[in-house]
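Engineer: Sequence:
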Amino acid sequence: MRSPLFSRQRTLDDRPEDHGETNPSVRLAIYDSLTSIPRVVELSSDDYREFIDLMSNKTYELSQTKGGRIPYTVIREVVENLIHAYFSEPVITILDEGNTIRIADQGPGVTDKERAFAPGFTTASKDMKQIIRGVGSGLPVASEMLKCEGGTITLEDNLDKGVVVTLRLPAGAVKEEVAAPSEEKQQDGLVLTDKQKNVLFLVTELGPVGPSRIAEELGTSLSSAYRALTFLEEQGFVKATSQGKRSLSKKGMEYLEFLTAGSS
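With positions in the sequence shown counted from 1, the corresponding number in our numbering is that position plus 12.
Be careful, since some hints might not be right.
[As the list claims (entries may be wrong)] List time: in silico DSSO-like cross-link candidates among lysine-lysine, alpha-carbon distance up to 27 Å: (1) Lys207 <-> Lys263; (2) Lys125 <-> Lys159; (3) Lys251 <-> Lys159; (4) Lys263 <-> Lys251; (5) Lys262 <-> Lys251.
[What the hints assert, rightly or not] Label pairs and their in silico Cβ distance ranges: (6) Lys78 <-> Ser236: 36 to 44 Å; (7) Leu234 <-> Asn170: 34 to 42 Å; (8) Pro50 <-> Phe270: 37 to 45 Å; (9) Val203 <-> Gln76: 23 to 31 Å; (10) Ser45 <-> Thr253: 48 to 56 Å; (11) Phe270 <-> Pro182: 20 to 28 Å; (12) Asp58 <-> Lys78: 38 to 46 Å.
Treat the hints as calculated values from the structure; they're not laboratory data.
Cβ coordinates follow ideal geometry from the N, Cα and C atoms, glycine included.
With the hints as extra help, turn the sequences into a complete structure.
Structural biologist: As structure tokens, then:
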């Protein structure tokens, strides 16, 4: 069932003046180089959940086709944040062989860009929370996942109004499987691989979750996702529910707080 926020009448009545569209669209600009005109793809939908799916999936597909390595979950987290701009004039730009993605809007913007990356800070309304989680986890999770891949995420004001989020991975870099032994250690000296940390972030984000969902989100095999979850459970970072899924444990929460503190 479509959320009341996205019925046509409620959308027209409740959105701030000059923000949002009743039938929003997005333009994706794909650059082969900065010396050539980009290829433009336009997407639209009158169902906002479907619109988020379309934008996330198409951006990931086009980025991957050009050789990009930015994870789907990172793209999805930032695309979902467009709801805070009421999907006002979104533009997604794909550069650097898919390893740089800019997601821009002309919404109200972000006044406190530093706290936007801290868990728990959110401007999500009651209606928005029917579509997204709205708990202030999107940018923090995306930032840490991208950092694990050696990348960066930045938040800047758009030219007139709105915000531009830039996701970037270094071109040609190879993902490191093991973190440097001098960084991100717990008191017991344990160091998680990037994949294990990404799985831990997803457990935090998605709540009780099984290996099939983890495999889908990370684009990895079911057996690989299962091994990562099993390892995290053995180390006490996650715990099994009565349904056989895994949720975050107190130790896992402390480890994530340690990672977040170390990146600030």
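Engineer: Are the hints correct? Go through all of them and say.
Structural biologist: For each hint, the structure was consulted:
no.: 1; hint: Lys207 <-> Lys263; in the structure: 18 Å, holds
no.: 2; hint: Lys125 <-> Lys159; in the structure: 17 Å, holds
no.: 3; hint: Lys251 <-> Lys159; in the structure: 25 Å, holds
no.: 4; hint: Lys263 <-> Lys251; in the structure: 10 Å, holds
no.: 5; hint: Lys262 <-> Lys251; in the structure: 9 Å, holds
no.: 6; hint: Lys78 <-> Ser236: 36 to 44 Å; in the structure: 25 Å, violated
no.: 7; hint: Leu234 <-> Asn170: 34 to 42 Å; in the structure: 41 Å, holds
no.: 8; hint: Pro50 <-> Phe270: 37 to 45 Å; in the structure: 41 Å, holds
no.: 9; hint: Val203 <-> Gln76: 23 to 31 Å; in the structure: 29 Å, holds
no.: 10; hint: Ser45 <-> Thr253: 48 to 56 Å; in the structure: 49 Å, holds
no.: 11; hint: Phe270 <-> Pro182: 20 to 28 Å; in the structure: 25 Å, holds
no.: 12; hint: Asp58 <-> Lys78: 38 to 46 Å; in the structure: 30 Å, violated
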